[in-house]
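So the sequence shown is numbered by our numbering: it starts at 76 and just counts up by one.
Bear in mind the hints are in silico, worked out from the structure with no lab data behind them.
Wrong hints could be hidden among the right ones.
[What the hints assert, rightly or not] Pairs of lysine-lysine residues, derived as DSS-like cross-links and limited to a Cα-Cα distance of at most 30 Å, are as follows:
#, residue 1, residue 2
1, K443, K423
2, K443, K279
3, K179, K279
4, K443, K422
[Unchecked claim] Across the chosen pairs, the derived CB separations fall in these ranges:
#, residue 1, residue 2, range
5, G473, T380, 36 to 44 Å
6, E307, N457, 27 to 35 Å
7, A117, S311, 40 to 48 Å
8, N342, I275, 43 to 51 Å
Computed from a predicted model, the values in this text were never measured in an experiment.
Even glycine gets a Cβ: it sits at the ideal position worked out from N, Cα and C.
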Amino acid sequence: MGGIRRLRGSTGIGLSLACAGACAWLAGAGPALAQPPRTSRAVRYHGLSVRIPRSWPVFNLARDPHTCVRFNRHAVYLGTPGSEESCPAHSVGRTGAILISPLKASPRAPNASAAGLGLEGNVSSITARSAGVEVTATWARSQRLVAHALGRKSLPATSESGIRARGVAPPAGGAGAGTTGPTATVYTGRGFDACSAPSIRQMKAWSSSPDRAVGIYIGGPNEGCAQPNVSERWVSHELASGWHPFPIYVSLQAPRNGCGCGPMSANPRRAKVQGEAAASDAVTRARRFGIGIGNPIYDDMEGYTNTRANRRAVLAFLAGWTSSLHAAGYISGVYSGASSGVVDLAKKFHTGYPEPNDIWIADWNGRKTTSDPYVPRRDWRNHQRIHQYLGPRNETHGGVTLNVDNNYLDAATLATKPLPGG
Numbered sequence: 076m077g078g079i080r081r082l083r084g085s086t087g088i089g090l091s092l093a094c095a096g097a098c099a100w101l102a103g104a105g106p107a108l109a110q111p112p113r114t115s116r117a118v119r120y121h122g123l124s125v126r127i128p129r130s131w132p133v134f135n136l137a138r139d140p141h142t143c144v145r146f147n148r149h150a151v152y153l154g155t156p157g158s159e160e161s162c163p164a165h166s167v168g169r170t171g172a173i174l175i176s177p178l179k180a181s182p183r184a185p186n187a188s189a190a191g192l193g194l195e196g197n198v199s200s201i202t203a204r205s206a207g208v209e210v211t212a213t214w215a216r217s218q219r220l221v222a223h224a225l226g227r228k229s230l231p232a233t234s235e236s237g238i239r240a241r242g243v244a245p246p247a248g249g250a251g252a253g254t255t256g257p258t259a260t261v262y263t264g265r266g267f268d269a270c271s272a273p274s275i276r277q278m279k280a281w282s283s284s285p286d287r288a289v290g291i292y293i294g295g296p297n298e299g300c301a302q303p304n305v306s307e308r309w310v311s312h313e314l315a316s317g318w319h320p321f322p323i324y325v326s327l328q329a330p331r332n333g334c335g336c337g338p339m340s341a342n343p344r345r346a347k348v349q350g351e352a353a354a355s356d357a358v359t360r361a362r363r364f365g366i367g368i369g370n371p372i373y374d375d376m377e378g379y380t381n382t383r384a385n386r387r388a389v390l391a392f393l394a395g396w397t398s399s400l401h402a403a404g405y406i407s408g409v410y411s412g413a414s415s416g417v418v419d420l421a422k423k424f425h426t427g428y429p430e431p432n433d434i435w436i437a438d439w440n441g442r443k444t445t446s447d448p449y450v451p452r453r454d455w456r457n458h459q460r461i462h463q464y465l466g467p468r469n470e471t472h473g474g475v476t477l478n479v480d481n482n483y484l485d486a487a488t489l490a491t492k493p494l495p496g497g
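Can you make the complete structure from the sequences, with help from the hints?
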């Protein structure tokens with residue numbers, strides 16, 4: 076996540092620029108992609124072969140289980156992501172990257188090309204399960220690089236919204252969207268978020284910290300890190316251990332964004348549909364982790380240049396996000412930069428716009444409070460605020476070092492008991 080960087084310089088690198096060198100060899104390639112360029116090489120794992128640019132590093136996860144599986148850098152990862160990855164806290168967006176992991180119950184497959192695998196795709200990634208392996212491949216604005224690596228002419232088409240809307244139905248008895256209600260837990264105090272959720276062992280070590288809340292990523296087309304730990308068991312265990320998790324979904328970003336992330340449509344009508352689809356996908360993923368109705372889900376809307384086009388698209392997207400979450404019985408939260416998404420939402424407060432229930436203000440001023448000059452005191456004042464007061468930094472507690480963002484919360488976190496609809 077990226078806040079107002081008062082304490083450090085910008086860390087954002089446009090993925091289109093990052094891709095320039097590695098993608099250049101595709102220029103002029105015919106639609107059949109039949110002849111691999113000399114600058115590519117074959118990588119084989121468990122009998123499966125993919126062809127990648129020679130400039131891409133290859134990481135053996137069995138050899139170094141602390142490697143962070145990041146989808147916003149060009150790389151190939153071989154093996155199962157470790158439970159204690161060493162990841163930077165701020166890592167969002169997608170570019171060309173491939174993870175090949177062995178399926179637990181499958182024997183090593185005979186030599187095969189990835190071209191023979193059946194694929195399931197969305198706006199920024201595909202997953203294939205066959206031949207004894209699972210392949211996850213991601214991209215940014217162009218699929219051609221990944222298509223070539225998998226020996227294909229093209230990748231699966233996606234819906235206009237970028238994520239297939241799954242038609243999440245509202246719960247019986249109404250949405251219950253007006254306030255946090257009796258189900259979600261309001262937590263007041265310190266917390267942190269990390270790109271990859273810590274292991275149960277690491278969370279136990281961090282019980283010696285002043286933090287008791289933890290932000291966890293549950294998906295989205297711009298989620299930057301693999302999540303080997305997040306599961307229904309992990310969520311239940313941490314709730315029982317006294318932690319207050321709050322789920323984060325990294326959606327499509329502003330049409331012109333500073334993180335190099337996959338953008339939403341600049342057309343407000345289409346952006347609203349994309350926001351609705353994002354909420355639908357977020358609810359589906361939340362339920363997969365036992366996160367039922369009445370709980371919050373926070374959209375990660377990274378900071379953006381505050382132009383009229385960006386503002387109109389983002390507000391339309393977030394209107395769709397909030398309305399759809401409310402219809403499904405969930406609490407809508409939004410994270411954004413104080414001077415971009417937050418200030419734009421504040422201008423809409425109590426105007427009839429479908430504002431989120433809770434606001435997460437990224438303003439790295441070091442102040443452990445939910446007060447912020449970008450948000451009037453009267454707005455989101457009923458236990459409805461989180462303040463990300465420091466950006467990525469290393470912290471050590473109980474002998475375990477994590478790279479985290481620091482937050483102060485007075486807002487909705489997951490209910491401490493299982494909920495219906497999970």
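Taken at face value, is the distance from the CA of K279 to the CA of K443 at most 30 Å? Holds, because 23 Å separates the two Cα atoms, which is no more than 30 Å.
Below or equal to 30 Å on CA atoms is what counts here, so check K179 against K279. 27 Å, holds
Given the hint that K443 pairs with K422, test it: the Cα-Cα distance must not exceed 30 Å. 24 Å, holds
Assuming the hint says 36 to 44 Å, is it satisfied by the Cβ distance from G473 to T380 or not? 41 Å, holds
CA of K443 to CA of K423, is that 30 Å or under? 26 Å, holds
Okay, A117 versus S311 on CB: inside 40 to 48 Å? Roughly 43 Å apart at Cβ, these two residues keep to the hinted range, so it holds.
I275 and N342 - C-beta distance against the hinted 43 to 51 Å: Since the Cβ atoms of N342 and I275 sit about 44 Å apart, the hinted range of 43 to 51 Å holds.
Is the gap between the beta carbons of E307 and N457 within 27 to 35 Å? With a Cβ separation near 30 Å, E307 and N457 satisfy 27 to 35 Å, so the hint holds.
Violated hints are absent here; each numbered hint is respected by the structure.
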